[in-house]
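Line by line, the protein sequences are chains S and C. Position 118 of the first sequence, counted from 1, bears residue number 118 in the numbering used here, the numbering being contiguous throughout. Position 92 of the second sequence, counted from 1, bears residue number 1092 in the numbering used here, the numbering being contiguous throughout.
Don't take every hint at face value.
To be verified - Reference listing, derived: stretches of chain S covered by chain C, where coverage requires no fewer than 3 residues with Cβ under 8 Å from a Cβ of chain C:
{"id": "1", "region": "27-38"}
{"id": "2", "region": "100-107"}
To be verified - Here are the computed lysine-lysine pairs in the DSS-like style, where the Cα-Cα straight-line distance is at most 25 Å:
{"id": "3", "chain 1": "S", "residue 1": "K125", "chain 2": "C", "residue 2": "K1002"}
{"id": "4", "chain 1": "S", "residue 1": "K36", "chain 2": "S", "residue 2": "K125"}
{"id": "5", "chain 1": "C", "residue 1": "K1002", "chain 2": "C", "residue 2": "K1019"}
{"id": "6", "chain 1": "S", "residue 1": "K25", "chain 2": "S", "residue 2": "K15"}
{"id": "7", "chain 1": "C", "residue 1": "K1059", "chain 2": "C", "residue 2": "K1088"}
{"id": "8", "chain 1": "C", "residue 1": "K1002", "chain 2": "S", "residue 2": "K36"}
{"id": "9", "chain 1": "C", "residue 1": "K1019", "chain 2": "S", "residue 2": "K15"}
{"id": "10", "chain 1": "S", "residue 1": "K125", "chain 2": "S", "residue 2": "K15"}
{"id": "11", "chain 1": "C", "residue 1": "K1059", "chain 2": "C", "residue 2": "K1019"}
Said to hold, decoys possible - Here are some chain C residues pointing at chain S (derived, C-beta under 8 Å):
{"id": "12", "residue": "K1002"}
{"id": "13", "residue": "Y1013"}
{"id": "14", "residue": "L1016"}
{"id": "15", "residue": "A1017"}
{"id": "16", "residue": "E1020"}
{"id": "17", "residue": "L1024"}
{"id": "18", "residue": "L1028"}
{"id": "19", "residue": "Q1033"}
{"id": "20", "residue": "L1044"}
{"id": "21", "residue": "K1063"}
{"id": "22", "residue": "Q1110"}
{"id": "23", "residue": "F1112"}
The hints are simulated quantities; they were obtained by calculation from the structure and are not laboratory data. Even for Gly, the Cβ is constructed at its ideal location relative to N, Cα and C.
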Amino acid sequence: MQYTLLITGSPYQTKACHSALRFIKAALLEYPNSIKGVFFYEDAVLIGNQIAQPPRDEINITQAWQDIAQQHNIPLYLCIAAAVRRGIINDTESRRYELEQHTLAEGFQLEGLGTFVDLMNTTNKVIQFR
Amino acid sequence: MKHTLIHLNTSPYSSLACKEGLDLALVLATFEQPVDLCLSGAALALLTDDQQPTVEHGKNLHKLLAGLEFYDIENVFIEANSGLDNTKTWQGVQPLNQAEWQAMFSHYQQVFRF
């Protein structure tokens, strides 16, 4: 069984990103190939902000996602429309909007909702965290 | 192919959730994925006719409703006793009684909530 995770809850207003991280860790421990991809939508895209600086005595939730994704080779997608409107910008978008900086954290990629549809159709189950 | 239900439960004016839920529904439909909508709670405000939101309120999402059929989104469900004055609301909804409403959620392979 392969899962796709759809995360929609803000990393600041909700524990969606944290609960999904706990889920993914548990799933991978038992079934190393059980996660096909993770799609962040709505305020959850704020997870991909590379310049956010959490207090040092708290979890760095962006780093935690980067670590698990790298260890297990899991793609982390942010909805491009949701991300760009919230200031999460990659290099390409930065040039498109003639900005001087980009803010997308390493290990995350901006993709359209079509990528989510593709994940949906190639995994057994989608689980939403909100 | 998976049949998806998008459940809108938040006000169209309190956050982007309603808009982004509708956006997902339209994208699913564009990719020819079967998708239905259901509305409850504060999201029912979406149905009220003659909305005139300012730019600060956000986009007039009510206007999207008339276009849903062009995306082949044919089912928009609400619960029958939801307190709407149905003379002043969009007529394209299908009211369900409580048992039908509860059973509805089991008819889909996936339900996403906004």
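May I ask which of the numbered hints given earlier this structure violates, with the numbers listed in increasing order? 1, 2, 13, 20 and 21
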